[in-house]
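These are the residues of each chain, in order.
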Amino acid sequence: MKLTQHLCALLASSALALSLNVQAQPIALVSSEKDNAITVINLATLGVQGIIPTCKRPRHMQLTPDRRQLLVACGNDNTADVIDIATRKSVGRIPLSDGPEIFDLSPDGKTLYVSNEDDAELSVIDVAGKKKLASIKVGKEPEGVKVSHDGKTVYVASEVASMVHVIDTENRKVVNNIAVGKRPRRFALTPDGNELWVTNELGASVSIVSTRDMKLIHTLNFEVKGARASDITPVGITLSADGKKAFVGLGRANHVAFIDVTSRKVVQQVLVGKRAWSVALNKTESQLFVVNGLSDDMTVINVASAKAVKTIPVGRVPHTVVVVD
Amino acid sequence: MRLRLFGVLLAALLGSAAQALTWKITLLEQADNPELDRTRLERAYLGHPGGSPSEGVALALDEAEFELKAAKVDVRLDIVPVAGPEEARAAALRADKAGTKILLSNLPAEWMTTVADAVKLPVINLSASADRLRERDCRLNVFHVLPSERMRADAIAQALINRKWSQVLLLSGTSGRDTERSAMAQAAIQRYGLKLVASKTFKLSSDPRERQLANPLLLTGGASYDVVWVVDSDGEFARTLPYNTAAARPVVGDAGWVALAWHAQFERFGAPQVSRRFAKSARRAMTDHDWASWMAGKAIAAAAAAQPQANTDQLLQVLGSINLDGSKGVTLQFRPWDRQLRQPLVLTDGQGVLALLPLEGILHPRNTLDTLGADEPQKLCKTRP
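Line order of the protein sequences matches chains S and L. Residue 1 is where the first sequence starts when you use the working numbering, and the numbers rise one by one after that. Residue 1 is where the second sequence starts when you use the working numbering, and the numbers rise one by one after that.
Keep in mind the hints are simulated off the structure, nothing from the lab. Just so you know, even glycine gets a beta-carbon here, dropped at the ideal spot from N, CA and C. Treat each hint with caution, since some may be false.
[Claimed, not checked] Some residues of chain S that are not near chain L, with every Cβ distance over 10 Å (derived):
no.	residue
1	Lys-56
2	Asp-84
3	Val-138
[Stated by the list, open to error] Within a straight-line C-alpha distance of at most 30 Å, the following computed DSSO-like cross-link-like pairs (lysine-lysine) qualify:
no.	chain 1	residue 1	chain 2	residue 2
4	L	Lys-280	S	Lys-137
5	L	Lys-69	S	Lys-215
6	S	Lys-215	L	Lys-379
7	L	Lys-280	S	Lys-182
8	S	Lys-173	L	Lys-379
9	S	Lys-132	L	Lys-120
10	L	Lys-195	L	Lys-379
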C-alpha cells in the first residue's frame with residue numbers, strides 16, 4: 001500500500017528508536033458507526049483488548065505517515081478525531097464539513113482531502129492549522145478519496161454520478177471526469193501509480209482506470225457461486241505492497257475476492273460474515289482482516305491458505321479496519 | 001409564467017452550453033388535485049403524496065449535472081396543469097408537437113391512458129398505482145415508477161408470513177379504489193397461504209344506526225384473528241384503528257405496518273443523503289411518491305446520458321433497458337413484461353423503517369424482487385413489448 005511505502009521512506013530517514021515506541025504489540029482498530037467507538041483487537045491473541053471512545057459515527061480511519069496517530073472521520077459531528085496510537089487516547093479534533101465519509105492524506109501528511117457526502121464537495125483541510133483551505137464541487141454523494149503517490153492529483157468517486165473526478169491539487173480544480181461502473185465506492189492505486197482500481201457497489205465490478213490516459217481500460221466483473229449479480233456489492237479494496245494481489249470485499253455476497261492484478265482474474269473467494277466491506281492486510285501480508293457491517297464482526301483470513309481462521313465480534317455496524325503492526 | 005420560469009431556471013442550473021441539446025420534458029398535472037389539498041397534506045397519511053412530483057424530478061435532474069454536462073444535454077421541465085382527460089390529451093398532443101421527449105403523468109388512471117393513447121412518446125406514470133394499468137389496460141409506451149397496489153399487498157403478506165400471523169381479518173372502505181385494492185389484498189392473502197377469517201366493509205359515520213359499519217370495536221369483535229388488514233385509500237378511518245381493535249392484535253395495510261416505496265427514516269444504502277437533499281430543496285420530508293418522481297428524473301437523466309440523440313422508438317428501448325440506482329441497495333429496472341419499476345419496498349409504521357421487502361428467505365427462480373407484483377409467466381399485459 002502507498003502508506004507502507006511512505007512509511008519505509010520515513011522510517012529510514014527518521015529515528016528508529018522513536019518508531020519502536022509507537023506500538024510494540026500488533027493491533028487492529030475497527031471503527032463502529034453506531035457505538036461512537038473504536039474496538040482494539042490484539043493480533044497475537046485475536047481477541048478484543050479494549051475500546052477507544054471517539055467522535056460520533058466514526059467511519060474511515062487512516063494512520064498519519066509517521067504511524068503515530070490515527071485520524072478518524074466522524075460523519076455525525078463533522079470532525080476528524082486524532083487518536084494517539086501509543087496512549088490510545090484522543091488528543092485533538094480537526095473540524096470538517098458536513099457528513100465526512102472517506103479521506104486521504106497528502107504524502108507529507110500535511111493536507112487532508114475529505115469527501116462530504118451531504119454537500120457534494122471535496123474539502124481540503126490543513127491538518128496542522130485545523131482549518132479548511134478549499135472545497136471543490138463534485139458529483140452527489142462523494143465517497144472514495146485517493147491521493148496520487150506524488151500528491152499532485154486526488155481522485156474522488158461520486159456514487160450518484162457514477163464517475164471518478166480527477167482533481168489537480170495545485171489549482172484545486174476538477175480536470176477530468178471518468179465514467180465508471182454504477183455507484184463507485186473505494187479506490188486502490190497500484191504501487192507504480194499507473195492503475196486506479198475502483199469498486200462499483202451496484203455494478204458488481206471493479207473499474208480499472210489508466211492514470212496516464214485518464215481512461216477506463218478494463219472492467220473486472222465478479223461472480224460468486226450461489227449468489228445473484230444483484231447481491232454482489234463490492235466496496236472495500238486493498239492491494240499487496242508489491243501490487244500483485246488485490247483483495248475486494250464483496251458486500252452482500254458475504255465473500256472476499258483475491259485477485260491476481262496482472263491477469264485481472266479472481267483467483268480465490270473466501271466466505272466471510274454479512275456485508276463484507278473494509279479490508280486490510282497485516283505488514284507481512286499473512287493475514288487479511290475483513291469487516292462485516294451486518295454481522296457486527298471481523299473475519300481474520302489466512303492469506304496463504306485462503307481460509308477464514310477466526311471471526312471476532314466488534315462494535316455495532318463496523319466500518320473500517322486499520323492494522324497497526 | 002411560473003412554469004416557464006422553472007424550466008429556464010433548471011436549464012440555467014444545469015449550465016447550458018451553446019452547442020448543448022435540449023431535452024424537453026412535460027409534466028402533466030391534475031389541476032386542483034384534491035390529493036394535494038392543504039388539509040390533506042397536513043394529515044400526512046402514509047402512502048399519500050406529500051406535494052408536487054416536480055420537486056423529486058427537479059432534484060434528480062439537478063443531481064445529474066455532471067452526467068448531463070458530459071452528454072451535452074440540457075433538460076427543461078415544463079409543468080402543465082390540466083382539468084380533465086380531454087384537456088390532458090390536448091396538452092399531450094401540444095407537448096409532442098413542441099418537441100417533448102418524455103411525458104410525465106401525475107394524473108388519475110383514466111386520464112393517463114387517454115394521454116398514452118394520444119401520443120407515441122414515452123409516458124412515465126408517477127402516481128397511478130392501479131394494477132390494471134400494468135395488466136389489462138397496459139400500454140407499450142407507459143413506464144410505472146410507483147409500486148403497484150399488488151406489489152404493496154404482496155409485501156404485507158410476506159411480512160405476515162414471516163411473523164406467522166396467518167389469520168387475517170380484512171376491513172375495506174366503500175370507494176371504488178378501496179374495492180380494487182381490497183381485491184389485491186385478498187389475492188395476496190391467497191397467494192401467500194394466509195387465511196381470510198372475515199372480510200368486512202367499514203364506513204366513516206357517527207350515525208348510531210350505522211354503528212356496525214363505523215365502530216372499530218364492533219367491526220373487530222366476535223372473531224378470532226392474528227392481525228387486522230385495513231384497506232382505506234382515504235386514510236381517516238385507518239389512522240384511528242391501531243390500539244382500537246376488540247382483540248389486542250396488530251393492524252397492517254394502510255395503518256400500523258404499511259409497505260411503501262420509501263420513507264424518510266430509511267437508513268441504509270445512502271438513503272439518508274437522498275432524503276436530506278430532498279428535504280433541503282423541497283422543504284418537506286421525502287415521501288414514497290417523491291421517491292417515485294425522483295426515480296423518473298433519474299430515468300430521464302440516465303436515458304439522456306446514454307443516448308442524447310435518441311428518437312422516440314430508441315428512447316422507449318433505452319428506458320426499457322436502463323439500470324437505475326434508487327438508493328435501495330440494488331439496481332432497479334423496468335420489468336419487460338409490464339414496464340413496472342422493480343424495486344424493494346420498505347415496511348414502516350410511520351415512525352421508522354422496520355424491514356426491507358422482499359424479506360430474506362423469500363425465494364424466486366430469477367429475481368426475488370419479482371415476488372412483489374405480477375410476474376412474467378402470468379402474462380397479464382397482453383400488449384407486452
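*Which earlier hints can't be squared with this structure?*
3, 6, 8 and 9
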